[in-house]
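There are 2 protein chains.
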Amino acid sequence: MKRKITLKHIARELDVSISTVSKALKNSEEIGQDTKEKIQAFARLYNYRPNNIAISLKNKKTKNIGVIIPDIVHHFFTTVFRGIEQYANAKGYNVIVCVSDESFDKEVINMEMLANGSIDGFIMALAGETQLKNDYNHLKEVTEQGIPLVLFDRVTDEIHCDKVIINDEEAAYLAVKKLIASGRKKIALVTTEGYLNVSAKRTEGYYRALREHGLEVKPDLVLELPYQKEDDKKSEAFFKNRSMDAVLCVNEIFAVKSMGIVQRLGKRVPEDIAFVGFTDGILSRLSTPTLTSVDQHGELMGETAARMLIEKIENDHDQEEEESYETQIIRATLVERESTLGQV
Amino acid sequence: MKRKITLKHIARELDVSISTVSKALKNSEEIGQDTKEKIQAFARLYNYRPNNIAISLKNKKTKNIGVIIPDIVHHFFTTVFRGIEQYANAKGYNVIVCVSDESFDKEVINMEMLANGSIDGFIMALAGETQLKNDYNHLKEVTEQGIPLVLFDRVTDEIHCDKVIINDEEAAYLAVKKLIASGRKKIALVTTEGYLNVSAKRTEGYYRALREHGLEVKPDLVLELPYQKEDDKKSEAFFKNRSMDAVLCVNEIFAVKSMGIVQRLGKRVPEDIAFVGFTDGILSRLSTPTLTSVDQHGELMGETAARMLIEKIENDHDQEEEESYETQIIRATLVERESTLGQV
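So the protein lines, in turn, are chains A and B. 1 is the number of the first residue of the first sequence in full-length UniProt numbering; add one for each residue after it. 1 is the number of the first residue of the second sequence in full-length UniProt numbering; add one for each residue after it.
Since the hints were made in silico from the structure, they are not lab data. Possibly wrong hints are sitting among the right ones.
Any copy, or any two copies together, can satisfy a pair, since identical chains are not distinguished.
[Claimed, not checked] DSSO-like mimics (lysine-lysine), calculated; alpha carbons at most 30 Å apart, straight line: (1) Lys218 to Lys229; (2) Lys218 to Lys91; (3) Lys61 to Lys185; (4) Lys38 to Lys91; (5) Lys140 to Lys233; (6) Lys234 to Lys140; (7) Lys61 to Lys140; (8) Lys36 to Lys63; (9) Lys91 to Lys140; (10) Lys133 to Lys63; (11) Lys38 to Lys178.
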């Protein structure tokens, strides 16, 4: 069998990034003419075709589903995975996982590998770096070949496919509304640095709730932390120098860490500062005090994504027919625990 | 291409378990003659060969590594996975994960699927059910075909292959010794139900430390909990009705839950009861008080397993040559935090 050449090979041979190769092959204006010609010539020479084996095997079902998640340590993604597995196994499908580690290159490499005849369809949440680069050519290639794709949680409007999301904006809005109803007035936000779409939506919900209740929107009550690295110094400085009576955090790790910091600074939770997190995993249930948290129903999200994907795989209709896609919205619920007990 | 028939197909067609098919094809005495003949005839009819595509593709490198872990939610397995990935990616390999969910059948199905030409070698920790059944035919088939295999953490003497383990017995022994040195005398153990080899080794270390220090070994100070299900009632009854001044737990979830229960019963940690857990993940660092925990160096374990596997893959020597295997032992270290502070 002739060796299949991939984007990764081309990038390595010509010493350019995978993203540059991808854009050059799409004839993007962003890439200089010289580079583009070099890459296109190389691809022609080695007979590059996007996932060419996948095309030839398209009608052979593998009964495997490929899942690509940004992070295997994050509780939310592992619960979504469980939901996918439960539904898929019950329908006779196996599930293969690859982890992008929030890296664009790894996401592309994993997609190329799996699209290579190993799976019947993809379920994935976008890597942070992919959202930052805003480059979705690898997804477009897969969908253009007719390989079914379902995006969950971290999605993009750039790709036409089935999607499952939660009502992030509204969930944050309702959580902050509840804090206001219990008498809290100086509500801070702990979020991730800018480019993750889910954090951005939760931040919007936070601002909307404040505005609707006539509370001042103070940018200095918003703390942005790196997503995967820990930055305890930055958090400590934030909580030490500001006056607040409640905090909304966009995940439970931020929330439990922040509760620890304010407690060490001598504040009581929830008496002095109430806390609400997102994720509702084991940390929320086992922290002291236990954490009020937005349950994103990860398993339900996974089941829904698997159901949508398997329907697309099994209802393989005529190529001529217009594809139709839907976006399912899972409604998050607030699980109230000790960290928000009582009125102010 | 002719459709490949797998153990799973045979089991489904003949309405027997995968384990029965596997044993019948090995001519095991455990299976009745009638069933055996029926299964063997069926396998001959459909030209069953163990992972037959894998054999034909054996000399074609995929640059993929297959990882099978029992559980994707467990912090320890995800850190091992990170270590595997870091090493493998640096060497130009991709990593594919499948999850057995502690199920024998799923472990077999995942191995068959991946051995089907998708990967160059396996890294895996055995499912609880596989250890309980003590049936390793699926692993034997893979190694007999010359597909490299490295077992980590949950291993068995039945299979000749490279292995990476930690010094579980000694790590538990040293942790209990330390508790005794700080003046604790009534030391309880919270472990999993019997069949997981790592829990069994930690339990041995606990008993050895007690015996060596002339402390009474009291079976009623040992609490066995189901591995994945929660059983708070059983734990509460245990801690309510017994007198103790320290507890060793075989994982951090058991430890943090148990600390919560004794604190709700009005005991102070560490003043009244000291706690030591295994795993040393985010729960240990963020619990109140923070948890003294045995660090199993999951990332190092993963890196070691990946290094051993890639060496075997790349040093593909003569079939005639005798294979040699090694077992690497990672030494665990105790990370001391608030839950064991001070002398009694």
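Verification of the supplied hints:
1. Lys218 to Lys229: This pair counts as within: shortest intra-copy Cα distance 25 Å, inter-copy 44 Å.
2. Lys218 to Lys91: neither (50 Å within a copy, 48 Å between copies)
3. Lys61 to Lys185: neither (57 Å within a copy, 62 Å between copies)
4. Lys38 to Lys91: between (46 Å within a copy, 27 Å between copies)
5. Lys140 to Lys233: neither (41 Å within a copy, 52 Å between copies)
6. Lys234 to Lys140: Neither: 39 Å inside a chain and 53 Å across chains, both beyond 30 Å.
7. Lys61 to Lys140: both (21 Å within a copy, 28 Å between copies)
8. Lys36 to Lys63: Answer is between; shortest inter-copy Cα gap is 28 Å, intra-copy 38 Å.
9. Lys91 to Lys140: Both. Shortest intra-copy (27 Å) and inter-copy (29 Å) distances satisfy the 30 Å Cα cut-off.
10. Lys133 to Lys63: between (32 Å within a copy, 27 Å between copies)
11. Lys38 to Lys178: neither (59 Å within a copy, 65 Å between copies)
Checked against the numbered hints given earlier, the structure breaks hints 2, 3, 5, 6, 11 and satisfies all the rest.
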